[in-house]
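Model the full assembly from the supplied sequences, consistent with the hints where possible.
There are 4 protein chains.
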Amino acid sequence: MNSFGRNFRINVFGESHGAIMGVTLDGVPPGIDINIEDFQEDIERRKPGKKGTTPRVESDQPRFVSGVFNGKTTGAPLTMLFENSNTRSEDYAKTREYYRPGHADFVASQKFKGFEDYRGGGHFSGRLTILIVCAGVIAKKILGLPIEAKLIEIAGESDLDKGLQKGIDAKDSVGGIVECRVNQIPVGWGEPFFDSVESVLAHAMFAIPAIKGVEFGAGFGATKMFGSEHNDNIIDEKGKTDTNNAGGIVGGITNGNEIVFRVAVKPTSSIGKTQETWNHETHQIGEFSVKGRHDLCIALRVPVVVEAMTAISLLDLKMQAGR
Amino acid sequence: MNSFGRNFRINVFGESHGAIMGVTLDGVPPGIDINIEDFQEDIERRKPGKKGTTPRVESDQPRFVSGVFNGKTTGAPLTMLFENSNTRSEDYAKTREYYRPGHADFVASQKFKGFEDYRGGGHFSGRLTILIVCAGVIAKKILGLPIEAKLIEIAGESDLDKGLQKGIDAKDSVGGIVECRVNQIPVGWGEPFFDSVESVLAHAMFAIPAIKGVEFGAGFGATKMFGSEHNDNIIDEKGKTDTNNAGGIVGGITNGNEIVFRVAVKPTSSIGKTQETWNHETHQIGEFSVKGRHDLCIALRVPVVVEAMTAISLLDLKMQAGR
Amino acid sequence: MNSFGRNFRINVFGESHGAIMGVTLDGVPPGIDINIEDFQEDIERRKPGKKGTTPRVESDQPRFVSGVFNGKTTGAPLTMLFENSNTRSEDYAKTREYYRPGHADFVASQKFKGFEDYRGGGHFSGRLTILIVCAGVIAKKILGLPIEAKLIEIAGESDLDKGLQKGIDAKDSVGGIVECRVNQIPVGWGEPFFDSVESVLAHAMFAIPAIKGVEFGAGFGATKMFGSEHNDNIIDEKGKTDTNNAGGIVGGITNGNEIVFRVAVKPTSSIGKTQETWNHETHQIGEFSVKGRHDLCIALRVPVVVEAMTAISLLDLKMQAGR
Amino acid sequence: MNSFGRNFRINVFGESHGAIMGVTLDGVPPGIDINIEDFQEDIERRKPGKKGTTPRVESDQPRFVSGVFNGKTTGAPLTMLFENSNTRSEDYAKTREYYRPGHADFVASQKFKGFEDYRGGGHFSGRLTILIVCAGVIAKKILGLPIEAKLIEIAGESDLDKGLQKGIDAKDSVGGIVECRVNQIPVGWGEPFFDSVESVLAHAMFAIPAIKGVEFGAGFGATKMFGSEHNDNIIDEKGKTDTNNAGGIVGGITNGNEIVFRVAVKPTSSIGKTQETWNHETHQIGEFSVKGRHDLCIALRVPVVVEAMTAISLLDLKMQAGR
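Protein chains in written order, with the numbering used here: chain A, 1 to 323; chain B, 1 to 323; chain C, 1 to 323; chain D, 1 to 323.
FYI, nobody ran anything at the bench for these hints, they're computed from the structure. One or more of the hints may lead you astray.
Same chains, same label: a pair holds when it works inside one copy or across any pair of copies.
In silico BS3-like links for lysine-lysine, alpha-carbon gap of 27 Å or less [what the hints assert, rightly or not]:
#  : residue 1 : residue 2
1  : 150       : 291
2  : 113       : 141
3  : 318       : 113
4  : 240       : 291
5  : 50        : 162
6  : 318       : 72
7  : 113       : 47
8  : 273       : 291
9  : 291       : 113
10 : 141       : 318
11 : 171       : 113
12 : 240       : 273
13 : 171       : 141
14 : 238       : 171
15 : 238       : 72
Note that the coordinates shown come from a computational prediction; the quantities given were computed from them, not determined experimentally.
Below, the structure written as structure tokens:
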């Protein structure tokens with residue numbers, strides 16, 4: 001279902017090339033200031049048009065149509081609408097004879113029996129992450145915790161320019177790793193079964209297109225450590241630990257230390273190179289290449305989406321813990 | 001909250017040293033055969049008492065108290081109860097002055113204001129995974145798909161004995177990686193936002209104690225691949241792909257290829273070695289060591305739990321897709 | 001929370017005098033025809049401007065902005081937007097010193113700490129029932145069952161004109177009773193605990209503004225019957241009963257007979273007469289009268305809303321039963 | 001599904017003649033005192049064996065098996081188990097050729113395809129209300145508000161003895177009306193759409209076996225009142241009203257006045273009289289009479305169940321409001 005959260009809930013709707021996309025937030029406390037300026041920074045961070053990203057310039061301004069009155073939230077469902085413009089459907093028209101490799105075209109066609117809006121990925125499009133980002137701005141404001149996600153690796157290189165250059169040289173797309181850190185988090189958020197903090201954050205992260213892995217603290221690296229190394233010893237009354245291999249979460253519950261996790265972003269599926277895939281009109285494998293605009297490295301645009309999903313998830317966990 | 005699933009829902013209750021633990025399944029179709037023999041194999045796979053695991057021999061026989069009549073499920077909520085015996089609370093009594101490193105002792109104490117049942121980890125104990133395993137046996141039976149999870153790495157070694165020996169030599173605990181594969185999966189399960197197959201499976205996996213990472217298909221490895229390598233080309237009408245870097249899931253939806261994912265299991269937190277951690281009676285760091293029974297490598301017992309959670313998650317996704 | 005339903009879910013947003021109201025439907029199957037003409041009849045039935053209703057003429061045309069492609073549903077969330085126009089806020093401005101008796105003004109102010117959009121009832125306005133009605137058109141189409149609700153009593157009179165005349169003569173508002181019948185319903189929808197058909201339908205009915213009672217079959221009348229009278233004897237293999245005092249629901253489950261229930265609609269709260277109520281500026285009781293447009297008998301417009309809520313509820317129960 | 005509540009959630013399991021029934025509460029705050037004595041009064045109020053009720057003497061003592069430690073709640077899921085004894089299945093055996101009129105036998109058989117535990121009504125049995133009652137004791141304790149439900153009418157008579165005598169004289173069963181009142185309720189609980197206080201309470205009430213109607217405040221009587229009569233004028237700063245026709249709920253939200261509602265309880269379905277109903281072995285209508293023990297007036301035992309459901313519902317609404 002297209003909603004997430006128990007007490008702070010987000011609902012998204014819209015398609016890449018539809019008239020209007022939107023997001024409704026339920027559970028927003030009344031009295032939160034809403035200024036369009038507060039959204040600009042995060043909208044900019046997600047925007048294409050920078051090195052390594054698609055030149056499509058989108059109309060990314062949210063229009064507040066409910067839940068805001070006299071510049072403040074009312075406590076009623078808050079809806080932001082976004083108009084889609086600059087959509088060049090002709091770029092996508094001819095892809096109908098091919099299901100693009102790495103994209104949801106095939107599964108969408110099967111799941112929705114051919115009735116799906118296939119233009120530009122439809123409801124599966126990364127375009128919808130603008131909804132998440134703007135919802136995240138509001139969640140961050142309510143939550144009031146320092147959340148920072150950044151790209152720490154591209155194409156296996158911690159020197160991001162070097163990693164990006166690999167893709168440019170190969171005329172191919174590349175992936176990367178985004179790391180997110182949250183500070184000043186109280187002890188006690190999360191539930192042992194089944195809503196551990198890791199469960200809820202991972203649930204949200206894997207809803208972001210292109211994410212294929214999530215790890216907390218030492219993560220997969222923990223599997224190579226001894227218990228005596230991995231255990232974080234408590235060194236004060238408030239539960240501060242000397243190391244943070246747990247990534248701030250023990251037994252599924254926040255332990256008051258920094259939350260740290262990383263997500264794996266696959267290389268952009270749309271590439272300029274010719275690919276061989278099934279042509280479902282000729283019923284044989286054929287050559288196919290993507291003509292449309294696309295990102296060399298979608299991971300460049302992911303950090304702000306990760307932050308938003310983190311804020312949305314943690315806010316719901318906070319409300320749950322504070323009941 | 002201590003339940004999981006929309007249409008097939010699991011609820012767990014109980015504590016490591018409480019009188020009775022149990023699990024209730026809601027949404028079980030009527031007419032499914034329930035024989036106690038069907039549970040033995042998976043119960044055995046989870047059991048301690050093998051090399052590298054704790055010698056505590058548990059009473060792991062489920063007692064069916066509701067939802068089963070004349071050997072078949074009725075469609076009403078199905079509850080299995082498990083009696084706890086052989087619980088040596090004295091092993092745990094003295095840990096109250098220390099919050100065991102790597103365990104939930106500290107967070108539980110904070111979250112539940114000191115009222116938690118701390119004996120043996122209480123509600124956070126890995127002991128509760130017997131509930132998941134037995135629920136999984138039923139979910140597997142209803143689902144009818146081949147699901148196989150196995151340990152593919154211990155302490156960084158794909159030769160498992162070699163990895164285990166590392167721990168034995170160091171008198172320390174070790175972790176590992178479990179891989180799970182599901183075959184014959186239909187196309188079209190999962191939802192784009194926010195219940196992608198990855199989201200739901202990861203949510204379930206991170207509810208298993210000791211899991212700190214989850215990756216699908218090429219996972220974190222995908223971040224080092226070019227798009228042209230990572231994209232799985234479709235090679236027939238039914239969506240079969242030449243490679244399976246996506247792990248059988250595209251756009252959050254099953255694509256009919258094998259589902260493949262891996263989970264990272266941290267080294268067991270309870271170790272024989274002396275550790276330095278906060279003593280909350282003397283209010284200073286002190287030396288602490290675990291006297292109780294514990295696993296050298298908890299990862300050895302995790303595969304059957306991963307299979308169970310996978311079956312539970314996929315069954316709910318199937319019911320969702322088939323509505 | 002502002003959503004309803006497990007597998008077929010409706011989310012509403014908007015305020016009486018806000019720019020745009022909307023409704024998102026999740027769980028809509030793909031391939032359903034959507035023609036604007038299909039909505040006209042139910043929109044007309046709800047419209048004000050008839051005898052006994054407010055003369056405000058609303059812009060009630062839904063704009064489909066997501067989930068519809070080439071005239072058919074896609075399976076993605078379907079959103080309809082409605083623009084508010086002809087909103088005369090000046091009518092409402094002066095009510096701020098009084099909390100209108102019978103209205104949500106006071107509770108909204110308390111619950112939302114004074115930040116609520118109070119214009120015309122804001123998010124509490126009966127205006128939002130247009131969202132329900134249009135969602136209901138789609139639910140009816142998917143469900144495909146004959147659902148009919150009609151007003152059977154106004155002001156205690158089964159002769160509706162006579163009941164309405166009572167209000168006209170008294171220059172006061174009047175209430176009424178709406179009865180809803182659903183035919184061709186299969187056996188077996190609903191759950192014993194806690195989602196009985198009565199539970200789910202009543203939940204939905206009491207979300208309609210002005211509803212203060214719900215009864216099924218013989219309802220409150222059943223309390224005056226003997227068991228031998230009330231019991232519906234089964235007279236054929238398919239479960240047809242000779243009487244239908246149960247209203248088609250036994251043990252919370254549909255029994256295949258006609259579903260029958262009635263809802264009590266209170267008299268319209270806004271009346272032309274002067275009322276004495278608290279003035280929260282002068283801090284004493286004062287005289288207050290409503291200048292704005294209002295319905296003599298809101299019950300006249302309720303049947304189509306009851307039908308819509310019934311369709312929405314039953315569709316969700318059907319999806320639940322058919323899993 | 002067999003659970004109810006968002007933040008305070010109740011799950012029930014078991015059958016009338018099964019080995020063990022139980023109830024799990026999720027969301028219980030830690031530190032609440034649990035003494036078995038606290039349960040006795042409400043258990044007694046629900047007990048059969050009084051005038052007008054069945055002589056079956058049940059074993060109604062809850063056994064606390066999880067979520068309680070050292071006499072206090074821990075915050076983990078709290079489970080109470082109840083053993084069934086004194087179950088005379090032979091009373092019920094012969095009813096299999098008839099689906100008892102007024103009972104769920106037929107619908108259960110259809111819904112669960114003949115696999116249901118039909119003994120004594122199985123999962124549909126009123127026996128399960130002991131689970132609700134004991135859960136209600138805990139909810140009441142957490143909520144801390146005065147809740148009182150009482151029978152105000154039997155067989156249409158406000159003189160209860162006179163109403164009961166009607167049934168005795170006619171050798172038939174009778175129904176009644178239960179009224180519930182809650183005081184000291186704060187302003188602001190409930191949500192406009194779709195979780196109005198009426199919606200949530202009615203949802204819970206209609207999950208109680210034999211309830212066929214629910215009305216708030218003036219209820220169905222409101223349909224005969226003018227708006228000027230029905231409107232409750234506010235007479236002080238805190239929202240106290242002169243009348244209480246709204247039953248303490250306006251716009252779906254508590255207004256701080258007494259919550260008042262009534263439920264209609266149908267006459268007991270099991271009667272001694274011979275009834276004519278379908279025999280699904282001979283495939284024709286035949287004569288049938290119930291030999292088992294049964295209540296003359298089940299409504300006598302309903303008030304404590306209504307109180308319990310009220311406490312459970314309001315506690316969840318409180319947690320929702322207080323997020």
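Hints, verified against the model:
For a Cα distance limit of 27 Å, the shortest separation of residue 150 from residue 291 qualifies neither inside one copy, at 30 Å, nor across copies, at 42 Å. In this assembly of identical chains, residue 113 and residue 141 lie within 27 Å of each other by CA distance solely across copies; the values are 19 Å between and 41 Å within a copy. In this assembly of identical chains, the alpha carbons of residue 318 and residue 113 lie at most 27 Å apart only when taken from different copies (16 Å versus 40 Å within one copy). For the identical chains of this complex, residue 240 and residue 291 are inter-copy neighbours only, at 24 Å across copies versus 53 Å inside a copy, given an alpha-carbon limit of 27 Å.
Taking the closest pair of Cα atoms, residue 50 and residue 162 come within 27 Å of each other only inside a single copy of the chain (16 Å); across copies the shortest separation is 49 Å, beyond that limit. Proximity of residue 318 to residue 72 under the C-alpha cut-off of 27 Å is found in both arrangements, the shortest distances being 22 Å within a copy and 24 Å between copies. Proximity of residue 113 to residue 47 under the C-alpha cut-off of 27 Å is found in neither arrangement, the shortest distances being 33 Å within a copy and 36 Å between copies. Taking CA atoms no more than 27 Å apart as the test, residue 273 paired with residue 291 passes inside one copy only; the shortest distance there is 10 Å, against 61 Å between copies.
Taking the closest pair of Cα atoms, residue 291 and residue 113 come within 27 Å of each other only inside a single copy of the chain (26 Å); across copies the shortest separation is 53 Å, beyond that limit. Proximity of residue 141 to residue 318 under the C-alpha cut-off of 27 Å is found in both arrangements, the shortest distances being 14 Å within a copy and 25 Å between copies. Taking the shortest alpha-carbon separations for residue 171 and residue 113, neither the intra-copy value of 35 Å nor the inter-copy value of 57 Å comes in at or below 27 Å. Proximity of residue 240 to residue 273 under the C-alpha cut-off of 27 Å is restricted to the inter-copy arrangement: shortest distance 21 Å between copies versus 51 Å within a copy.
Within a single copy, residue 171 and residue 141 get their C-alpha atoms no closer than 40 Å, and across copies no closer than 48 Å, so neither meets the 27 Å cut-off. In this assembly of identical chains, the alpha carbons of residue 238 and residue 171 never lie at most 27 Å apart, being 52 Å within a copy and 30 Å across copies at closest. For the identical chains of this complex, residue 238 and residue 72 are inter-copy neighbours only, at 25 Å across copies versus 36 Å inside a copy, given an alpha-carbon limit of 27 Å.
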